[in-house]
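Novice: Produce the complete structure using the sequences and hints provided.
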Amino acid sequence: MVNFYRRLIPNAATIQAPLNQMLAGPKTKGSQPINMTPALLEAFNNCKNSLSEATLLVHPDSQAELAIHTDASDSAIGAVLQQYQDNEWKPLAFFSMKLSPSQRKYSPYDRELLSIYEAIKHFRFMVEARNFAIITDHKPLTFAFTTHRTSCLPHQFRYLDFISQFTTDIRYIAGKDNIVTDTLSRINEISMPLDYQSLASEQDTDSELHDLLKNGSALKLEKLRTPGQDLQIYCDVSTPNPRPFITPSFRRQVFNALHNLSHPGAKATAKLATQRFVWPGIKRDCRQWAKECQHCQRSKVARHTSAPLASFMLPSARFRHIHLDLIGPLPLCSGYRYCLKIVDRFTRWPEAYPLQDMTAETCTIALTNGWISRFGCPEHITTDRGRQFLSHTFKSSPRWSVQHTTLPHLITQLPMV
Numbered sequence: 001m002v003n004f005y006r007r008l009i010p011n012a013a014t015i016q017a018p019l020n021q022m023l024a025g026p027k028t029k030g031s032q033p034i035n036m037t038p039a040l041l042e043a044f045n046n047c048k049n050s051l052s053e054a055t056l057l058v059h060p061d062s063q064a065e066l067a068i069h070t071d072a073s074d075s076a077i078g079a080v081l082q083q084y085q086d087n088e089w090k091p092l093a094f095f096s097m098k099l100s101p102s103q104r105k106y107s108p109y110d111r112e113l114l115s116i117y118e119a120i121k122h123f124r125f126m127v128e129a130r131n132f133a134i135i136t137d138h139k140p141l142t143f144a145f146t147t148h149r150t151s152c153l154p155h156q157f158r159y160l161d162f163i164s165q166f167t168t169d170i171r172y173i174a175g176k177d178n179i180v181t182d183t184l185s186r187i188n189e190i191s192m193p194l195d196y197q198s199l200a201s202e203q204d205t206d207s208e209l210h211d212l213l214k215n216g217s218a219l220k221l222e223k224l225r226t227p228g229q230d231l232q233i234y235c236d237v238s239t240p241n242p243r244p245f246i247t248p249s250f251r252r253q254v255f256n257a258l259h260n261l262s263h264p265g266a267k268a269t270a271k272l273a274t275q276r277f278v279w280p281g282i283k284r285d286c287r288q289w290a291k292e293c294q295h296c297q298r299s300k301v302a303r304h305t306s307a308p309l310a311s312f313m314l315p316s317a318r319f320r321h322i323h324l325d326l327i328g329p330l331p332l333c334s335g336y337r338y339c340l341k342i343v344d345r346f347t348r349w350p351e352a353y354p355l356q357d358m359t360a361e362t363c364t365i366a367l368t369n370g371w372i373s374r375f376g377c378p379e380h381i382t383t384d385r386g387r388q389f390l391s392h393t394f395k396s397s398p399r400w401s402v403q404h405t406t407l408p409h410l411i412t413q414l415p416m417v
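Letter by letter, the sequence shown follows residues 1 to 417 of UniProt numbering.
Accuracy of the hints is not assured; some may be wrong.
Ranges of calculated distance between the beta carbons of each label pair, as one might list FRET restraints [said to hold, decoys possible]: (1) Tyr84 - Phe125: 16 to 24 Å; (2) Pro240 - Pro140: 25 to 33 Å; (3) Cys333 - Asp211: 27 to 35 Å; (4) Asn131 - Asp161: 14 to 22 Å.
The hints are simulated quantities; they were obtained by calculation from the structure and are not laboratory data. Here a beta-carbon is modelled for each residue, glycine too, at the ideal position from N, C-alpha and C.
Specialist: Dropping the structure here:
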């Protein structure tokens, strides 16, 4: 953000010199820790002060082009009102707001839409009766006023209705270029309420950790000093960012700190956890705990419902209702590569017949010569929707009726023997 407004900061090169010197040198793969010496810390604070004090907010120009840049994160939203003057964008005002617990549960689309809504409300006295554009890094919003929507949530309709009173010009900017508002929307960092002193004590007696250290694993565990404390804990250093090893009593606490921030899904929570911490079965635990979250169960639509399995009437006699399916391709043996398996639903009697190919004619011959010649013609045949069983050749016999099932209902196609 300092570099974005570098032209407006006097002596920016001098202020940033210690930090730029620290970043100079050969490029290395991955992130490397920086030793924040007092001189570097002073330079960093000077950069922040220069941005807040020396960045001049220009006077509004009624003839200049206006634009509101917006962005949203999981915990906050940010915006900057700028005007195009002297061939560059200059800031008129900044805005940022922390999201409420309910707003943190919004989808990315809703959070980005909320950032536009709140920004226009905040800058209303400066943009009313003016032509201006909305600049966002969330591309779906650019189609909000150009496509016909069959459904719209009440809060989305309210936000869009308010925005349309001022502008419908929403433009896209790549996230890597949306520097200022991205910074303003991430003013709140994730704070982990961990007692590292207790964690270090439990690591000394944890059997799982000792087994990993003794027997070896894909993790590269080493003792590292915690920032700001004269304390060492075991961390996985196989990734660019060291990840502390979490003992069992702290795992649910870590999960709650990450998941309760905005109640993301199981996959997103597991990703947050694995980026920062490590323990055996971390993804499994995060998925299980996310499914057990009562707030998520009350507010989210369940996507894991499944249709009930189909049922069949119990046959009154043996060999009246049979199930067919094909096996293969198998390793070639005596010219045979496939098998036609048949199970009687009443007795669960199974049989299999070798096939040279899996055409409808071959299947019909195997059924007639192998099963019907010995047990008689069945009244009903149940198969999947393979092209052999859907063909006219297989279904043309007037002596039986064929019932087809869909692929997911495997248990209804062929009962257990």
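Novice: Now tell me if each hint is right for this structure.
Specialist: To see whether the hints hold, each was checked on the structure:
Restraint check, Tyr84 to Phe125: a C-beta distance of roughly 20 Å satisfies the suggested window 16 to 24 Å. The hinted range of 25 to 33 Å is satisfied by Pro240 and Pro140, whose Cβ atoms lie roughly 31 Å apart. The supplied range of 27 to 35 Å is broken by Cys333 and Asp211, whose beta-carbon atoms lie about 47 Å from each other. Between Asn131 and Asp161 the CB atoms are about 19 Å apart, so this pair conforms to the stated range of 14 to 22 Å.
Of the numbered hints stated above, the single one contradicted by the structure is hint 3.
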